[in-house]
Amino acid sequence: MKNQTKTIEEKTYTASEFGSILERIDTTVQILAEGHSALVEGQNEIKSVLTSVDQRLGRVEIRLDGVEDRLGLVETKIDRLQDDMVEVKFELKRKVDAEQFEKLEKRVVKLEKHSVAR
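Mapping to the working numbering: the sequence shown position 1 is 9, numbers consecutive.
Derived from the structure by calculation, the hints contain no laboratory data.
A quick note: this is a predicted structure, and the numbers were derived from the prediction, not measured.
Each residue gets a CB set at the ideal place from its N, CA and C atoms; glycine is no exception.
Keep in mind that the hints are not guaranteed to be accurate.
To be verified - 20 Å max Cα-Cα, derived DMTMM-like pairs, lysine to aspartate or glutamate:
{"no.": "1", "residue 1": "Lys97", "residue 2": "Glu107"}
{"no.": "2", "residue 1": "Lys121", "residue 2": "Glu110"}
{"no.": "3", "residue 1": "Lys19", "residue 2": "Glu31"}
{"no.": "4", "residue 1": "Lys85", "residue 2": "Asp73"}
{"no.": "5", "residue 1": "Lys103", "residue 2": "Glu113"}
{"no.": "6", "residue 1": "Lys97", "residue 2": "Asp87"}
{"no.": "7", "residue 1": "Lys101", "residue 2": "Asp91"}
{"no.": "8", "residue 1": "Lys118", "residue 2": "Glu107"}
{"no.": "9", "residue 1": "Lys85", "residue 2": "Glu95"}
{"no.": "10", "residue 1": "Lys103", "residue 2": "Asp91"}
{"no.": "11", "residue 1": "Lys103", "residue 2": "Asp92"}
As the list claims (entries may be wrong) - Ranges of calculated distance between the beta carbons of each label pair, as one might list FRET restraints:
{"no.": "12", "residue 1": "Lys118", "residue 2": "Leu89", "range": "39 to 47 Å"}
{"no.": "13", "residue 1": "Phe109", "residue 2": "Val82", "range": "34 to 42 Å"}
{"no.": "14", "residue 1": "Asp105", "residue 2": "Val75", "range": "42 to 50 Å"}
{"no.": "15", "residue 1": "Leu47", "residue 2": "Thr13", "range": "41 to 49 Å"}
{"no.": "16", "residue 1": "Arg78", "residue 2": "Leu100", "range": "28 to 36 Å"}
Go ahead and model the full structure; you've got the sequences and the hints to work with.
In structure tokens, the structure reads:
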């Protein structure tokens, strides 16, 4: 195997070549700076939108808390209504229905007539 050694050549640039290289570097840096600026602007817009969304979400949470409170009141009222319905059903079962009452009344009248007639 041959030992290959590479020789490094030092290249020298003329002033105009070096000026061209600097211009290209300057242009590239300028493009990078514009891209960075656009990214920062986009990031700021995203922050603004997120801030707006965060504020809206805060308002929604406040409204939701109010809805939860009202829902709790509605549940309490429904529980009371259910208790009242149970009580009303119990009372209705204890009462005699109108038809049955009329029949019983007629029987009592007949029995009274029958007992008076004796």
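- Message: Of all the hints numbered above, which does this structure not satisfy? Sort the numbers upward.
- Response: none
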